[in-house]
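Enquirer: Keeping their order, the protein sequence lines are chains A and B. So in the working numbering, spot 99 of the first sequence is number 211, and the numbers just go up one at a time. So in the working numbering, spot 15 of the second sequence is number 126, and the numbers just go up one at a time.
A portion of the hints provided could be inaccurate.
[To be verified] Covered, in the sense of this in silico footprint (three residues per stretch, anywhere, with C-beta under 8 Å from a C-beta of chain B), are these stretches of chain A:
hint: 1; segment: 144-155
hint: 2; segment: 159-172
hint: 3; segment: 206-214
hint: 4; segment: 268-278
Just so you know, the hints here were simulated from the structure itself, not pulled from any lab data. Ideal Cβ placement from N, Cα and C applies to all residues, glycine included.
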Amino acid sequence: MHRLRPALTWAALLTAIALPLSLAGTSPLLQWRNPPYIIAGFAGIVAMALLLVQPLLVAGYLPGLTGPRGRHLHRWIGGGLLLAVVIHVATLWITSPPDVVDALLFASPTPFSAWGVIAMWAVFATALLAALRRRLRLPPRMWRRGHAALATVIVLTSALHALLIEGTMEVMSKTALCLLVLIATAKALSDLRKRLRPR
Amino acid sequence: MPHRLLTRRNILATGAAAGASGVLIPAAPARAQALDPTRSMRGGSNNYRAGAPLVDRIGGGGFWMTGTVRNARDGAPLAGQRIQIWAHTTEGHERDPHSHGATLTDANGIFRLEMPQIVPAFGQPHGHLAYDSGDFETVFLRPVMARSSDTTLEAHFILQQS
């Protein structure tokens with residue numbers, strides 16, 4: 113069982129990511145969308161998948177990627193998340209500029225747009241804080257609190273954003289992915305806090 | 112009413128009420144009663160293209176956009192009013208010129224335009240309608256379908272003299 117466990121963990125993670133992605137790939141809506149709009153949708157799904165990987169990496173839950181290796185990869189995946197969000201918004205802009213302008217100005221008729229825009233700004237703020245962390249000589253405690261608060265905002269608003277949308281994602285796999293993101297983030301934040309506490 | 116919230120429930124309720132009264136209007140003798148003019152909905156004018164041509168049908172058809180146009184002054188149906196319609200359908204994006212068309216209301220203030228099936232876009236299956244002919248205040252509507260499998264969608268205009 114001990115030898116099987118790493119393989120099972122990785123298989124579960126790959127399934128949790130591959131299933132929603134491949135089911136979205138069979139969505140009938142795709143046939144009525146042009147390439148930028150299709151890319152926009154998948155960039156959003158990839159971003160959600162990366163949100164699942166992030167807490168697993170930083171808390172060292174992934175076999176073979178524990179400790180500094182996991183944290184190192186966590187930074188790279190963070191950069192990937194930023195890129196996915198930028199691609200998501202840029203390709204939506206190409207598809208329908210006025211809808212994206214409405215969303216960015218919080219004037220959209222659809223409630224999920226506001227949640228998505230809040231998540232986007234929280235991702236930008238996280239990236240900025242991470243980039244300036246050394247230069248600002250941020251005390252580790254402040255960095256941890258700030259980063260944890262932003263991460264919490266990102267996962268909550270992203271899940272709301274995704275769940276309220278009628279799009280290419282299949283509903284069951286979308287709901288499962290969102291729940292996994294929320295559970296993984298909550299567990300990682302709680303475990304990391306415990307590890308810091310003196311026994 | 113200084114603040115009328117544009118919630119989905121509100122819009123649906125207003126639409127349903129307007130729909131119900133629209134059914135009654137042709138049968139009942141026209142009563143001179145002022146009505147609240149329809150306000151433009153959030154995002155209603157997105158991807159609007161001025162001067163959409165009058166058409167018998169947008170593309171291959173199969174989906175019906177219907178509704179009524181009435182005068183806010185007395186509630187009377189308005190005939191011959193030009194309503195422009197566009198949406199993301201099985202035949203094109205909202206921005207595509209061929210996704211746009213216009214129709215006129217009949218003697219009872221009713222309009223019906225056949226168009227391709229509307230499919231969810233930007234997270235909701237929705238259509239766009241515009242009254243933009245100048246005699247009355249411009250109104251842009253953005254009704255949302257209850258289910259994306261619906262093959263009809265309605266929207267109602269109560270227009271105010273400009």
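Enquirer: Against this structure, judge whether each hint is valid.
Expert: For each hint, the structure was consulted:
{"no.": "1", "hint": "144-155", "result": "holds (count 4)"}
{"no.": "2", "hint": "159-172", "result": "violated (count 0)"}
{"no.": "3", "hint": "206-214", "result": "holds (count 5)"}
{"no.": "4", "hint": "268-278", "result": "holds (count 3)"}
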